[in-house]
Structures are given as C-alpha cells and as structure tokens.
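Chains as they are written, first to last, in the working numbering: chain A, 1 to 113; chain B, 1 to 111.
Worth flagging that the hints you see were computed from the coordinates, not collected in a lab. Be careful, since some hints might not be right.
What the hints assert, rightly or not - Derived coverage of chain B by chain A (criterion: at least 3 residues anywhere in the stretch with Cβ under 8 Å from a Cβ of chain A; other residues may be distant):
#1 43–54
#2 62–71
Unchecked claim - 25 Å max Cα-Cα, derived BS3-like pairs, lysine-lysine:
#3 B/78 / B/61
#4 A/7 / B/61
#5 B/49 / B/61
#6 A/65 / B/49
We treat Cβ as the ideally placed atom computed from N, Cα and C, and that holds for glycine.
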Amino acid sequence: SAVISQKPSRDICQRGTSLTIQCQVDSQVTMMFWYRQQPGQSLTLIATANQGSEATYESGFVIDKFPISRPNLTFSTLTVSNMSPEDSSIYLCSVGGLGYEQYFGPGTRLTVT
Amino acid sequence: AQSVSQHNHHVILSEAASLELGCNYSYGGTVNLFWYVQYPGQHLQLLLKYFSGDPLVKGIKGFEAEFIKSKFSFNLRKPSVQWSDTAEYFCAVRVDDKIIFGKGTRLHILP
C-alpha cells in the first residue's frame, strides 16, 4: 500500500480566503482522488486527478471553487477558493491501488470562520 | 444514482459480543465492495475487499464480510469484538473508477 501525506494537517481560515492542500505519495500512481468529509457525513468525491490531464469533477463541484493540480505522478494539490463556513470539512486525498481499492491520506481539517 | 446504505449509525456493544454491521448498495452491474475502518485519530484504512470468487471474504483483525448478490448486501461481521475495535466503519462500492461510501457506523465497545 502507498504512504500518503497531506499538508497542512489542519488550518483555521477566514471567510473569503483560499487554502491550498498538498498531497504527496511515496510511489508513482496514476489516479489520485480528492474527497470531502463534512461533519457527521460520509466521504464525498470532489474530483479525480490524473497526471497530464484536467481533473474530472463530480456533480456539485466546480473547478473555479476547487482547482486541482497534478504536476507529476506523486503529487497533487487541491485549493479551496473563496471559502465560506460551509467549506469547513476534512479534505482527504487518496490513491488507487492495484486491486481497485483506494488508500487514504490522514486528511486536512479545515475550519472557516 | 448509485448509493450505499449502512443500517446502523451508532452501535454500542460489550467486549466479546458478536458484531454484524449491515450494508446494502444500489447498483445492478458488477461491483467491487469494501469495508474501511477509521480508528480514533487515525486515517481511513482498508479492512477487507471483495472482487470476485468466494463471497465470504476475510480481512484484518478477525473481520469478515459476506457478499450476497441477490440481496445487494455486504455485511461486516466479527464473532467477538474487542475494546480496540472502537472505530467508525464505512462500507463502500466501486462503480466504474469511483468509490461510493456509506455514511458510516460508529462502533463503541464497552470494556
């Protein structure tokens, strides 16, 4: 299984600002995923990020609000733009395994005030 | 739309009790099924997975799950729980390249 790290682990941000979350994997992977886990809710897929192509966003998520970069096979970033308190959540990145399972990072806990 | 339903949001058991957490999914095609666990303060970990073959799959820490295609179910079981099993458990189904998660079940084991 891959080892995934995320930065920052947590942050408190003001309304209207943006935060970029980094995800680093210890091996090269084709597919990386970004999820959101709102308080008391399950994980919701935001987008799939493949190296060399534009991210694919799920219904309800748009690139202007959640721009994603995937510059190489071990790294990705997710930006939460123009934040509001409704964006307070845990943001997780994951990578696909050989058997279609996914491995998750520790998450970034974001609080927007 | 595809979905995953977990029957219990919060389960409290005493140590040595048997556990069964229900999971149903709505998708008529070929699925891959997973159970993930999140221990307090830790990140999501894969507990077990089903792809094909024997519908009874065994995972880590004595957990097992049974895939019943006719019932669209993938229930998680453990014959005797331990205090260290206190965690949140997520059932998930892979459809195309996406994994859809249930809302999770918080399991609390009393010592």
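Tested hints:
Look at the segment 43–54 of chain B against chain A: 6 of its residues bring a Cβ nearer than 8 Å to a Cβ of that chain, three or more, so the hint holds. Beta-carbon proximity to chain A at under 8 Å applies to 0 residues in the segment 62–71 of chain B; the threshold of 3 is not reached and the given coverage is violated. For the given pair, residue 78 of chain B sits about 9 Å from residue 61 of chain B by alpha-carbon distance, which is consistent with the 25 Å threshold. Proximity of residue 7 of chain A to residue 61 of chain B is assessed by CA-CA distance (about 30 Å); at most 25 Å being required, the pair is judged violated.
With a C-alpha separation of about 14 Å, the suggested pairing of residue 49 of chain B with residue 61 of chain B holds against the 25 Å cut-off. A threshold of 25 Å between alpha carbons decides the hint, and for residue 65 of chain A with residue 49 of chain B the separation of about 33 Å lies outside it, so the pair is violated.
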